[in-house]
Amino acid sequence: MTQGNREAWGSRIGLILAAAGNAIGIGNLLRFPGQAANNGGGAFMIPYIVCLLIFGIPMMWVAWAIGRHGGKFGHGSLPGMFDRMWRSPAAKYVGVLGLALPFCFVLYYTYIEAWCMGYAFFSLTGDYLTTPDRTVHLTAYYNEFLNVAPSSSYFPGLLAASAFMAVTVGLNLFVLYRGVAKGIEILAKIAMPLLFLFCILMAVRVLTLEGEGTALEGLNFLWTPDFSRLGNFGVWLAAAGQIFFTLSIGFGSLECYASYVREDDDIALTGLTTAATNEFVEVIFGGMIAIPAAAVFFGASEIQRVASGGMFNIGMISMPEVLRAFPATWFFGTIWFLLLFFAAFTSSVAVSQPVLAFFQDELKLSRGKGTFWLGLLWLVGAVPVIFFYRYGVFDELDFWAGTLGLAVLALIEVILFAWIFGMAKSWAELERGALMRIPGFFKPIILYVTPVALAAILVGWVYFDGIRGGALTPRPRVALWVDIPGNFKGTLESVKTDPADAEFAAAFVRRIQEQATQAQADGRINAEIRHSADGSVQVLEISGSGALVTAADPAEFERYYRGNGLRYEEREAPGKPHHAVDKIVPIVLTVYYTRPYIWLGRGIVVGAGVLFILLIALAWKRRSAGGGATP
Amino acid sequence: MTGGALVFMALSWGFVIALNIFCFLRVLKNHK
Numbered sequence: 027m028t029q030g031n032r033e034a035w036g037s038r039i040g041l042i043l044a045a046a047g048n049a050i051g052i053g054n055l056l057r058f059p060g061q062a063a064n065n066g067g068g069a070f071m072i073p074y075i076v077c078l079l080i081f082g083i084p085m086m087w088v089a090w091a092i093g094r095h096g097g098k099f100g101h102g103s104l105p106g107m108f109d110r111m112w113r114s115p116a117a118k119y120v121g122v123l124g125l126a127l128p129f130c131f132v133l134y135y136t137y138i139e140a141w142c143m144g145y146a147f148f149s150l151t152g153d154y155l156t157t158p159d160r161t162v163h164l165t166a167y168y169n170e171f172l173n174v175a176p177s178s179s180y181f182p183g184l185l186a187a188s189a190f191m192a193v194t195v196g197l198n199l200f201v202l203y204r205g206v207a208k209g210i211e212i213l214a215k216i217a218m219p220l221l222f223l224f225c226i227l228m229a230v231r232v233l234t235l236e237g238e239g240t241a242l243e244g245l246n247f248l249w250t251p252d253f254s255r256l257g258n259f260g261v262w263l264a265a266a267g268q269i270f271f272t273l274s275i276g277f278g279s280l281e282c283y284a285s286y287v288r289e290d291d292d293i294a295l296t297g298l299t300t301a302a303t304n305e306f307v308e309v310i311f312g313g314m315i316a317i318p319a320a321a322v323f324f325g326a327s328e329i330q331r332v333a334s335g336g337m338f339n340i341g342m343i344s345m346p347e348v349l350r351a352f353p354a355t356w357f358f359g360t361i362w363f364l365l366l367f368f369a370a371f372t373s374s375v376a377v378s379q380p381v382l383a384f385f386q387d388e389l390k391l392s393r394g395k396g397t398f399w400l401g402l403l404w405l406v407g408a409v410p411v412i413f414f415y416r417y418g419v420f421d422e423l424d425f426w427a428g429t430l431g432l433a434v435l436a437l438i439e440v441i442l443f444a445w446i447f448g449m450a451k452s453w454a455e456l457e458r459g460a461l462m463r464i465p466g467f468f469k470p471i472i473l474y475v476t477p478v479a480l481a482a483i484l485v486g487w488v489y490f491d492g493i494r495g496g497a498l499t500p501r502p503r504v505a506l507w508v509d510i511p512g513n514f515k516g517t518l519e520s521v522k523t524d525p526a527d528a529e530f531a532a533a534f535v536r537r538i539q540e541q542a543t544q545a546q547a548d549g550r551i552n553a554e555i556r557h558s559a560d561g562s563v564q565v566l567e568i569s570g571s572g573a574l575v576t577a578a579d580p581a582e583f584e585r586y587y588r589g590n591g592l593r594y595e596e597r598e599a600p601g602k603p604h605h606a607v608d609k610i611v612p613i614v615l616t617v618y619y620t621r622p623y624i625w626l627g628r629g630i631v632v633g634a635g636v637l638f639i640l641l642i643a644l645a646w647k648r649r650s651a652g653g654g655a656t657p
Numbered sequence: 016m017t018g019g020a021l022v023f024m025a026l027s028w029g030f031v032i033a034l035n036i037f038c039f040l041r042v043l044k045n046h047k
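Here the protein sequences come in this chain order: B and E. With my numbering applied, the first sequence covers 27 to 657. With my numbering applied, the second sequence covers 16 to 47.
Just to be clear, a hint being listed does not mean it is correct.
Going by beta-carbon spacing under 10 angstroms, a handful of chain B positions derived as facing chain E [unchecked claim]: (1) 38; (2) 69; (3) 216; (4) 413; (5) 575.
Read the hints as simulated data drawn from the structure, not as lab findings. Note that beta-carbon positions come from the ideal geometry of N, C-alpha and C, so glycine has one too.
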């Protein structure tokens, strides 16, 4: 039964596919292998499975139960759901996190989705292939696409990135406008089988490649257990974080999907099946594609560098580098990026749905009007994410809305579920209509272990990412690149450098960051650097502008550059080893003064919160004027 | 592959495959 004319899922399998699509995102294929490789290999699976059992699966059930309970009363978003579980006037306002966080999340997540769509297109057209007339350096290509290094070899500006973002947002809005059964469910029924098919195609492709190394060496690297890492709190925090992100806990999206489940339909088995499907894609396919591919192309000795480069480095730079070295790049490159795109698409639709549900359920807007307002807010919010990406707006939203905020919301949910609504009522809610018996030991886990685990994650993130990682006190960003990289067929390769020079380089970076902070402006150094075949470098010309007018000292810059350990290398033909050659290369060092943009990012999160608080107040005021204290 | 890597990969895969078999058999049994 659903209330009034609220929508409902067409079938259980459609619901499972949609909810699995919500959970399965690009993190399954890119984040998991990097995290596992850097945190103990096979031994990483011990904290990973422990975290899955003590808070991953319990939080899935908590979310599904909160959602179906709210849906019974016509609520598809957390303000109304919390209001039904906690008889306090504050409850609905606490639920604002379930609107502001997913809204801020989709602003930057759809940008990643747009990159994947863009790269699928570039794969199809062969845009990032190196030809005799045009050399494409994939790091520069990626940085130019996002305007971090605007040197105009590949992209004249942000036009391509903006266009793909507009198309991506449009597609999301189209699916949302079609509704739950005719939009989201149909998307899941098309996208999820394709996602599995693409995973299989990519895995077979990678496992049959032959290059500098073998795919087995990659699997060996990923799965070899290093038990000495298990005593490290950071490894446990990494495992907890991976479980958290991979299951989409703390977004309010699972709750929203569950609100369209009929009152007596199962949520226990459905929730567990969603988690199981997600784990299948993550543990099996996540481990079988990116890292083994890197092993084939770069060789066993280089896998560590690739794995520790971060998920975008693996997905957007290393994978195309591997795929373009083998035949049929247009096919496998397109498949790879479409795989990432579909994984992201089904997630972004899910995370946007709570906001649309709020517009429909609480503000009583039609689906068309709700989609219009959501689209308007989305496009306005996406502008700073795209245009100030290099100033850190993207990362700021990721830290507050996509990391810390999620842990806060998940902690609130489990406390509300187990302690405020009460374990007896909550357990009965969870078990109603259940197609499986939930083991009784999950009761004390949800009551005690899950809240403590979530609190530990929150404290860990505040300390490691916020305080020690510097996310709370951001510094100006420094970028170093080759100007017009398309003019050079070689690349700058990292080589070992003198530790004293490396220390000088780090101090030099700190100094120019301070200069940018004092000047409250960006700065730039342009230098012509002669790279010699013996590995030495010499600054021929140098000039500074903006905050770095006085920093353009040839001797200092030369030592800084040596400290970076960069050497210009070319290879005579594909497949031949690199070797250093004589070359004069124009280098640009830019410092971006980020402070105003960091505050802009924080302002977006706070602004979204304030806007939704006002809308919640308006909705409940209208209701009480209409004759009922609560809906 | 080393024995340790093989064992951990097999155990991890075994765990997720078993979890999926458990879930989907029940879903199919109750399919309507």
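* To do: Determine which of the earlier numbered hints do not hold for this structure and return their numbers in increasing order.
  => Hints 3, 4, 5 not satisfied by this model.
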